[in-house]
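Q: Chains as they are written, first to last, in our numbering: chain A, 1 to 150; chain B, 1 to 118; chain C, 1 to 195.
FYI, nobody ran anything at the bench for these hints, they're computed from the structure. A portion of the hints provided could be inaccurate.
[Said to hold, decoys possible] Here are the simulated SDA-like pairs of lysine to any residue, each with C-alpha atoms no more than 20 Å apart in a straight line:
id: 1; chain 1: B; residue 1: LYS33; chain 2: C; residue 2: LYS135
id: 2; chain 1: C; residue 1: LYS135; chain 2: A; residue 2: LYS60
id: 3; chain 1: B; residue 1: LYS33; chain 2: C; residue 2: ALA15
id: 4; chain 1: C; residue 1: LYS92; chain 2: B; residue 2: GLU108
id: 5; chain 1: B; residue 1: LYS33; chain 2: C; residue 2: LEU97
id: 6; chain 1: A; residue 1: LYS12; chain 2: A; residue 2: LYS60
id: 7; chain 1: B; residue 1: LYS33; chain 2: B; residue 2: ASP67
id: 8; chain 1: A; residue 1: LYS60; chain 2: C; residue 2: GLY178
[As the list claims (entries may be wrong)] Negatives, chain A to chain C, calculated, CB over 12 Å:
id: 9; residue: LEU23
id: 10; residue: GLN38
id: 11; residue: ARG61
id: 12; residue: GLY90
Think of the CB as a built atom: it goes at the ideal place given N, C-alpha and C, for glycine as much as any other residue.
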Amino acid sequence: MKHNLILRVVSKFLIPLIILFALYVQFHGDFGPGGGFQAGVIFSAAIILYGLVFGLDKAKRVITPYVLRLLASLGVLIYAGTGAATILLGGNFLQYGVLASSQLAGQHLGILVIELGVGMTVMSVMLIIFFTFAERGQAVLNSKIESERE
Amino acid sequence: MDMILGHYNYWMVIIIMMAGFYTVISRGNLVKKIVGLNIFQVSVFLLYISIGNVKDGATPIIEKGVDLYSNPLPHVLILTAIVVGVATTALGLALVVRIKEAYGTIEEDDIHNQDQSL
Amino acid sequence: MIDNIVDITLLSLIAIHAVAIIRMRSLFAVVMLFSGFSFLSAGLFVVMDAADVAFTEAAVGAGISTVLMLATLALTYTPAEADKEEKAPTHKPWLPLSVVFITGALLIYGTYNLPGFGDPNAPSQLHVAPYYLEKSMPETGVPNVVTAVLASYRGFDTLGEVTVIFTAGIAVLLIIGGRRRVKSKIEKNGGDREA
Numbered sequence: 001m002k003h004n005l006i007l008r009v010v011s012k013f014l015i016p017l018i019i020l021f022a023l024y025v026q027f028h029g030d031f032g033p034g035g036g037f038q039a040g041v042i043f044s045a046a047i048i049l050y051g052l053v054f055g056l057d058k059a060k061r062v063i064t065p066y067v068l069r070l071l072a073s074l075g076v077l078i079y080a081g082t083g084a085a086t087i088l089l090g091g092n093f094l095q096y097g098v099l100a101s102s103q104l105a106g107q108h109l110g111i112l113v114i115e116l117g118v119g120m121t122v123m124s125v126m127l128i129i130f131f132t133f134a135e136r137g138q139a140v141l142n143s144k145i146e147s148e149r150e
Numbered sequence: 001m002d003m004i005l006g007h008y009n010y011w012m013v014i015i016i017m018m019a020g021f022y023t024v025i026s027r028g029n030l031v032k033k034i035v036g037l038n039i040f041q042v043s044v045f046l047l048y049i050s051i052g053n054v055k056d057g058a059t060p061i062i063e064k065g066v067d068l069y070s071n072p073l074p075h076v077l078i079l080t081a082i083v084v085g086v087a088t089t090a091l092g093l094a095l096v097v098r099i100k101e102a103y104g105t106i107e108e109d110d111i112h113n114q115d116q117s118l
Numbered sequence: 001m002i003d004n005i006v007d008i009t010l011l012s013l014i015a016i017h018a019v020a021i022i023r024m025r026s027l028f029a030v031v032m033l034f035s036g037f038s039f040l041s042a043g044l045f046v047v048m049d050a051a052d053v054a055f056t057e058a059a060v061g062a063g064i065s066t067v068l069m070l071a072t073l074a075l076t077y078t079p080a081e082a083d084k085e086e087k088a089p090t091h092k093p094w095l096p097l098s099v100v101f102i103t104g105a106l107l108i109y110g111t112y113n114l115p116g117f118g119d120p121n122a123p124s125q126l127h128v129a130p131y132y133l134e135k136s137m138p139e140t141g142v143p144n145v146v147t148a149v150l151a152s153y154r155g156f157d158t159l160g161e162v163t164v165i166f167t168a169g170i171a172v173l174l175i176i177g178g179r180r181r182v183k184s185k186i187e188k189n190g191g192d193r194e195a
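All chains should be modelled from the sequences, with the hints used to inform the complete structure.
A: Okay, here's the thing in structure tokens:
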């Protein structure tokens with residue numbers, strides 16, 4: 001994809017907007033439609049678009065695979081850790097009321113935190129899957145070039 | 001007329017579901033089989049959301065002055081199901097890629113013949 | 001009324017897409033039709049008041065799964081077979097067709113006892129949904145009931161879903177993440193194809 005000028009310019013313009021929208025969906029999910037699942041897939045769609053237009057190597061420089069694996073496990077850990085924290089604070093598993101002084105504030109905090117965990121895991125797993133497929137393609141292509149040289 | 005309007009969604013969902021089912025059982029190409037599975041899956045999503053819909057209801061976001069909402073429960077179930085669905089689809093596609101590398105084809109009949117000739 | 005017209009039109013278009021996917025042999029066309037199919041169903045979800053679901057379906061179905069299927073096509077077909085057609089089916093279609101028709105007829109027979117579409121007094125509308133709609137605001141302070149149910153009332157369920165997604169990611173990494181033996185396989189297969 002070296003010559004698609006229109007595609008490059010338009011996606012340069014669109015990608016920040018998509019990421020901004022993903023963050024809005026993530027953190028405004030309590031009041032409008034949205035939440036961690038939606039935000040995760042929208043965010044990963046932005047990075048996938050970047051990878052498709054500008055190449056896999058550049059996309060990997062934005063978020064390295066190591067960071068992605070870290071984020072994917074961290075998301076599940078945040079979610080389960082919130083549950084563990086509520087147990088330690090004297091409630092049941094995922095009973096958010098005990099997290100803050102009042103029931104409503106605790107619920108709000110708990111929902112925000114676990115949505116963050118969901119968003120992180122979904123975003124990074126989608127990107128891990130995409131990067132793995134694209135890497136496989138590159139490996140196949142490289143080995144073909146090598147075998148032609150031989 | 002009421003009968004048709006009231007059940008049109010279910011009938012169309014069943015037609016879509018059977019289209020997906022037919023693709024899965026009659027086609028030998030593995031990528032097409034996965035597309036068929038996805039069609040089947042989307043038809044189930046449509047069925048759930050149809051069941052949760054209330055005539056003249058609003059999107060279930062509480063607001064003053066609105067009394068009638070659609071059922072939020074199917075939305076929750078399907079929301080998570082869609083994301084889990086794409087993760088499992090990716091798993092299936094990864095298996096297709098491995099099958100291609102091992103057998104050199106993704107046509108079911110050819111794979112079967114290779115297994116027979118071993 | 002307008003709701004019904006939009007609903008019927010979108011559903012018919014979705015069904016046409018599904019049938020076209022069966023008849024189409026070019027796999028690239030099949031994947032693109034599937035993308036359109038997903039996007040139309042996202043539109044239908046908006047009409048049926050499921051904004052959250054529509055979001056997800058538009059991003060996932062029309063975006064990510066299409067990209068993944070195209071990536072699979074790129075990995076499974078060489079550039080020489082540019083049209084990427086599936087082989088014509090070798091079996092007669094009568095057995096699968098009869099299975100599908102019998103199953104479909106039984107399912108349609110089953111719908112006759114279902115309550116009508118959008119009926120506010122259907123059993124599914126009367127049991128837990130009113131509780132969530134009334135109590136979610138005073139109990140959790142979150143106006144979006146879908147988020148409240150997803151994260152709070154059914155938080156344990158969602159933890160399971162997130163774990164499933166995480167596991168699927170790990171499994172994909174395990175299946176095609178490594179680079180071993182790609183080269184030798186390709187050479188062998190290339191030889192087979194020419195022979």
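Q: All the hints need checking, so say for each whether the structure fits it.
A: Against the structure, the hints come out as follows:
1. LYS33(B) <-> LYS135(C): Not satisfied, since the Cα-Cα distance of roughly 44 Å exceeds 20 Å.
2. LYS135(C) <-> LYS60(A): violated (45 Å)
3. LYS33(B) <-> ALA15(C): holds (17 Å)
4. LYS92(C) <-> GLU108(B): Holds, because 15 Å separates the two Cα atoms, which is no more than 20 Å.
5. LYS33(B) <-> LEU97(C): holds (16 Å)
6. LYS12(A) <-> LYS60(A): Holds, at roughly 17 Å.
7. LYS33(B) <-> ASP67(B): Violated, because 44 Å separates the two Cα atoms, which is more than 20 Å.
8. LYS60(A) <-> GLY178(C): Status holds; Cα separation ~17 Å.
9. LEU23: holds (14 Å)
10. GLN38: violated (4 Å)
11. ARG61: holds (19 Å)
12. GLY90: holds (17 Å)
Of the numbered hints stated above, those contradicted by the structure are hints 1, 2, 7 and 10, listed in ascending order.
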